[in-house]
Amino acid sequence: DTGVSQDPRHKITKRGQNVTFRCDPISEHNRLYWYRQTLGQGPEFLTYFQNEAQLEKSRLLSDRFSAERPKGSFSTLEIQRTEQGDSAMYLCASSFPFRGAYNEQFFGPGTRLTVL
Amino acid sequence: KQEVTQIPAALSVPEGENLVLNCSFTDSAIYNLQWFRQDPGKGLTSLLLIQSSQREQTSGRLNASLDKSSGRSTLYIAASQPGDSATYLCAVRPRNGTASKLTFGTGTRLQVTL
Chain A
142 DTGVSQDPRH KITKRGQNVT FRCDPISEHN RLYWYRQTLG QGPEFLTYFQ NEAQLEKSRL
202 LSDRFSAERP KGSFSTLEIQ RTEQGDSAMY LCASSFPFRG AYNEQFFGPG TRLTVL
Chain B
24 KQEVTQIPAA LSVPEGENLV LNCSFTDSAI YNLQWFRQDP GKGLTSLLLI QSSQREQTSG
84 RLNASLDKSS GRSTLYIAAS QPGDSATYLC AVRPRNGTAS KLTFGTGTRL QVTL
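Going down the list, the protein sequences come from chains A and B.
With the working numbering applied, the first sequence covers 142 to 257.
With the working numbering applied, the second sequence covers 24 to 137.
Calculated directly from the structure, the hints in this document are not laboratory data.
Just to be clear, a hint being listed does not mean it is correct.
With a Cα cut of at most 25 Å, we get these calculated SDA-like pairs of lysine to any residue [as the list claims (entries may be wrong)]:
hint, chain 1, residue 1, chain 2, residue 2
1, A, LYS198, B, ASN119
2, B, LYS24, A, ASN244
3, B, LYS65, A, ASP148
4, A, LYS152, B, ARG60
5, A, LYS155, A, LYS212
6, B, LYS65, A, GLU209
7, A, LYS212, A, GLN225
8, B, LYS65, A, PRO250
9, B, LYS24, A, GLY181
10, A, LYS212, A, THR143
11, B, LYS65, A, ALA194
12, A, LYS198, B, THR49
13, A, LYS152, B, PRO63
14, B, LYS65, A, ASN244
15, B, LYS65, B, VAL36
To give a feel for the contact side, a few chain B residues facing chain A, derived at Cβ under 10 Å [said to hold, decoys possible]:
hint, residue
16, PHE59
17, GLN61
18, LEU72
19, LEU125
For glycine and all other residues, C-beta sits at the position ideal for the given N, C-alpha and C.
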């Protein structure tokens, strides 16, 4: 299966610790997105890359959050000094704007973060 | 600011019924609209994507319509099955600039009973 993959699938951490998540997009996709989803809500946009360039960041992405996509392939999302309010599902998606159905976004399985 | 609303929040139907899920959005300047399915604790599976110039899309037992001017979309599921039980999310992508982010509704949780 060559879909979007995310690692780890689950992460439990203590408040104040740093965590890092990884996303591997579909191989030919040059756009990569991070979303956050809390219980009972729809996903909310965090940030978006085209190749290695981070083109947009949501105001939800506080100074404790940083995302990178150094070689335009996989991406990492780091949260420093985690807080209980960071507990959520972190979803990654990718797309290729010039092929297929009009930049359709394909999502990975998500990383479930629990901050104790 | 784009806002997306889905009604109802939850729905329970017996197997075999046809059903309609509703999605409304406040800003009609959209590039496209996607319907997703999400199983508990899982990621999102794309079901249908409708471009702003299109009126509807069909895939199997699913049919999605779009009325951009009124800010509405519906997802029609024919002959529902227990395996259709999941949360259904709609999301819109704005038309302007380089913004590619999707704005999601809060979803409709569907349960199809035997």
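To see whether the hints hold, each was checked on the structure:
no., hint, verdict
1, A/LYS198 - B/ASN119, "holds (16 Å)"
2, B/LYS24 - A/ASN244, "holds (22 Å)"
3, B/LYS65 - A/ASP148, "holds (13 Å)"
4, A/LYS152 - B/ARG60, "holds (24 Å)"
5, A/LYS155 - A/LYS212, "violated (31 Å)"
6, B/LYS65 - A/GLU209, "holds (24 Å)"
7, A/LYS212 - A/GLN225, "violated (32 Å)"
8, B/LYS65 - A/PRO250, "holds (6 Å)"
9, B/LYS24 - A/GLY181, "holds (21 Å)"
10, A/LYS212 - A/THR143, "holds (19 Å)"
11, B/LYS65 - A/ALA194, "violated (28 Å)"
12, A/LYS198 - B/THR49, "holds (22 Å)"
13, A/LYS152 - B/PRO63, "holds (17 Å)"
14, B/LYS65 - A/ASN244, "holds (22 Å)"
15, B/LYS65 - B/VAL36, "holds (23 Å)"
16, PHE59, "holds (8 Å)"
17, GLN61, "holds (9 Å)"
18, LEU72, "holds (5 Å)"
19, LEU125, "holds (6 Å)"
Comparing the model with each earlier hint shows violations of hints 5, 7, 11; every other hint is respected.
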